[in-house]
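Assemble chain F onto chain Y, guided by the hints.
2 protein chains.
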Amino acid sequence: MLPDDARIISVDDHVIEHPRVWLDRVPTKYADVAPRIVKLPDGNDTWLYEGKQSGNFALNAVAGKHPRDFGMDPRSYDDMLPGCHDIEDRIKDMDIEGTWAQLCFPNFGGFAGSTFYAAEDKDFAKLCISAYNDFILDEWCAYAPERQIPLMMVPFWDVEASVAEIERTVDKGAKSISFVEAPHKLGLPSYHTDHWDPILRVCEEAELPLSMHFGSGGMPQGLAPDGDMFISIALFGLNSMITTVDLLMSDVFYKFPNLKVALSEGGIGWMPYLLERIDYSWGRHKYWCNVNADKLPSELFREHIYGCFISDQSGIEQRHRIGIDNIMFESDYPHSDSNWPHTRKLLAEHLVDVPDDEARKIVELNARTLYRFWD
Amino acid sequence: MLPDDARIISVDDHVIEHPRVWLDRVPTKYADVAPRIVKLPDGNDTWLYEGKQSGNFALNAVAGKHPRDFGMDPRSYDDMLPGCHDIEDRIKDMDIEGTWAQLCFPNFGGFAGSTFYAAEDKDFAKLCISAYNDFILDEWCAYAPERQIPLMMVPFWDVEASVAEIERTVDKGAKSISFVEAPHKLGLPSYHTDHWDPILRVCEEAELPLSMHFGSGGMPQGLAPDGDMFISIALFGLNSMITTVDLLMSDVFYKFPNLKVALSEGGIGWMPYLLERIDYSWGRHKYWCNVNADKLPSELFREHIYGCFISDQSGIEQRHRIGIDNIMFESDYPHSDSNWPHTRKLLAEHLVDVPDDEARKIVELNARTLYRFWD
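Sequences listed follow chains Y and F, in order. When we follow our numbering, the leftmost residue of the first sequence carries the number 17, and every step to the right adds one. When we follow our numbering, the leftmost residue of the second sequence carries the number 17, and every step to the right adds one.
Each hint should be verified, as a subset may be incorrect.
A pair holds if it fits inside one copy or across any two, identical chains being indistinguishable in the list.
Claimed, not checked - Pairs of lysine-lysine, BS3-like flavour, derived with a Cα cap of 25 Å:
no., residue 1, residue 2
1, K81, K302
2, K311, K81
3, K81, K361
4, K361, K108
5, K138, K311
6, K201, K138
Don't read these hints as lab results, they were simulated from the structure. Here the structure is a predicted model, which means the values were calculated and not measured.
Chain Y on its own, in the form it takes in the complex:
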């Protein structure tokens, strides 16, 4: 069971950036081009950046609403819980749902900075990424350092600049880098090249796990173009499955034996199947395929890859097939998967048959160990 004194750490939540995140931080000369919120004639708020309206909050800021009120319409800051964007209210909302600490991904910025990767002015985009990181470190996490795990973006299209930003933010307390699950889908080199080595090396040396959020490499592919968007929503975990096999069959974990990767929002219930499948296939094809034949893929997985769940009874039931040290919890506040304000209650129901020591690892200790996040 979930011990009463276990402090729940959620490793996948989201910050809705407040309107002044960038305006407060970029040099004055950029004041006209920095991402800003504009009020539309219909009363909704939208981001304006490089002359483009981009992003609405929609499903990303619906915590507390009934699903009947979900949708893709743009919304305004007035139409969401203040905890979406205000750290003081966020901590209160965490107290209400019963979570102690959390790791937040960006919203406007994209899970791993895709908004800035798409920008025209890449130099300014780098400033915007640093500004976001400073917002997270100096404002968001600084308010409650025991309760917010600092997750950074990097200008991943520029390896050297990414290394510099990692080094800069590590000195300020960064605990993880939000990184792209499938860079090849963004037109960049894949994990089967040496392209990313400087970034991976500095993360390994600084003991910074990479947090790879599903969707950071785009939508699931191969779907019918005329199927409803719901099909993507239900299948987003496939992105994490692909990333798992892709990484395990690359040289990444052989080159960086202490590197860790957290798969964010991908669920865990598929892991027992996929690990069996990859081991079974590997036993048959390792002789003729160009893959590392030294270590059973499921062993490599347990040394390097972590998953998290919101609601995943099959994964919890088969937790020992995954690895009890590889499972973490996520609340997903304030996204549409969130169970706020019932998070702790539902999690306790989920873990009712799990021994206390295992439950404590899953809800708290694994995250503390992975993210080196101790009081």
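Only chain F this time, still in chain Y's reference frame:
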């Protein structure tokens, strides 16, 4: 446990078409263009069809070999078990591995007839499909009708011709249609249209389940282009996951409430996860997404979709989360996943903790019921 008197029915095996399958059956005037085997200078055999060499046996005909001898080199008929292509030997090999009956997919023809879909002369391609079906009905299955379940191809690019071929072959004893898991990936309308209704209707009326083999809609998508082919092999089950959600979120099972779909070679261990995920997402998004909101997706699944496994401990352990009536076994002879000649022994080990009545359903009765295949 696996009862000693249970007759194992494998619902995913493969026939390597012998060299005269088409030459023996197409009208004489097509003798020069019919698919034929040619001997290459290096001693290997290859199919020649419309002037193109296509297909080698490779991993599709390796039963009995050690994985060290697997590879993608073309091979010859001399380099495979005669049971790959000779029905008399096939039955002997089934006796050796301990399987009673099986359902075979084409090899040269493609799982669902993709070779003929790609042909220039589509009229002749239809003749070739009918010739294959006659081979399966009159030669392959006729030799041992209690031990071979007749699975047909159809010229799926032509709905009317497909309906005619289904009606023609049903009269001769056809028990299932091999159909494309993701027609949109082949440039055809998706399951979110009414395009396929005449085919689905005649299958429903004739109680013919559709057998959808993974890969019949192409390779998994979104993979790194420079990753090894092994990554595809390990991830092929994702195709079945996509098809599951795609079908459940289409109108197909609402329009055809008695239609059944067997997912072939896709495994089962992912089903508990995916069913939880789709139910969870559906509960949140059914209000605003354009999906049927009448029936819980997992309920719809249990009424319509079947899976099969070779080696899948997590799936067997969680069989009740899938549905005990929805699980079947596959041997995959003579492909590289096959455990020939140890099939029955390994299956028995797999089912050691499963009650006899459930084991009997999984290995035999579910297939008999779905394919209406009774002695």
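Here is what the structure says about each hint:
1. K81 with K302: For K81 and K302, only the inter-copy Cα distance (15 Å) is at most 25 Å; the intra-copy one is 50 Å.
2. K311 with K81: between (47 Å within a copy, 23 Å between copies)
3. K81 with K361: within (18 Å within a copy, 54 Å between copies)
4. K361 with K108: Answer is within; shortest intra-copy Cα gap is 17 Å, inter-copy 58 Å.
5. K138 with K311: neither (40 Å within a copy, 48 Å between copies)
6. K201 with K138: So K201 and K138 pass the 25 Å test inside one copy only (19 Å; across, 35 Å).
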